[in-house]
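Engineer: Sequence:
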Amino acid sequence: MMVTLQFGRPAREWMDMNMDLQTEKRTGWIPWVNILLIAVNVIVFVAGTAGGAFGLDAGFLHRRGGLFAPLILKRRELYRLVTAVFLHADARHLMNNMVVQFAGGSIVERNLGHLRFAAVYFLSGIIGNLTSVAADYVTGEYSYSVGASGAVFGIVGVLLFLIIREARQSNKGEQGIPPRLKSLLIRAGIMTAYLLYSGWSNPMINQAAHVGGLAAGFVFGALLLPDGEGDISELMG
7 MMVTLQFGRP
17 AREWMDMNMD
27 LQTEKRTGWI
37 PWVNILLIAV
47 NVIVFVAGTA
57 GGAFGLDAGF
67 LHRRGGLFAP
77 LILKRRELYR
87 LVTAVFLHAD
97 ARHLMNNMVV
107 QFAGGSIVER
117 NLGHLRFAAV
127 YFLSGIIGNL
137 TSVAADYVTG
147 EYSYSVGASG
157 AVFGIVGVLL
167 FLIIREARQS
177 NKGEQGIPPR
187 LKSLLIRAGI
197 MTAYLLYSGW
207 SNPMINQAAH
217 VGGLAAGFVF
227 GALLLPDGEG
237 DISELMG
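The numbering of the sequence shown is my numbering, which starts it at 7 and goes up by one.
Because the hints were derived from the structure by calculation, they are not lab data. Not one of these hints is a red herring.
Cβ-Cβ distance ranges computed for the label pairs, FRET-style:
id	residue 1	residue 2	range
1	Pro185	Lys80	45 to 53 Å
2	Gly119	Glu147	34 to 42 Å
3	Glu147	Trp38	36 to 44 Å
4	Arg174	Lys80	42 to 50 Å
No experiment lies behind these values; they were computed from the predicted model shown. Positions of the beta carbon are idealized from the N, C-alpha and C atoms, including for glycine.
Between the sequences and the hints, there should be enough to build the whole structure, so can you do that?
Structural biologist: Set out below in structure tokens:
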């Protein structure tokens, strides 16, 4: 049985994207929720490999809590909407997602706050997985799915909202693109471009989970960020 994988940005292209982390280090602010979530993903993977090597085996993913639409729809095993977020097929899959999360999550956590960031991460992952289940149901093509990409692209969605809000504020009498907006544009632009490319270039990528997480993150950004509650229609106008 084919396993649908949810991949993030390749790690090597994000190693130089940590200016915000340097600022946080100077001010003493630490994105501890993001760090904790990354640690949980790594620990789950290490524990899984210790008990039996991770791989693209449907039986293994079934036992570990991988996402599979029939088990959600018929058996109501809703816990898989969460457990699948913390499962990864191999070390590369894990590293790609975690480097993206490390690079973008600190910005989002700093803007949202610790608890709101945690809520957005979990809810985006769940909504991304629900979108995947719905897509499988509509197409009638079922496969196991694992990965944190729904949650990671929820982070991208919040970044997109930040860009729109920053653009509106920078247009008030200023010329050129402010450094902060340029940094956000680079990060979110690369992540979104990779989302689109990976979804249509590789049938193993769970495009539905990406889109669901991305949309959820954007909406949560509009609802939860200070001075931006319920402002989607105005921002897009």
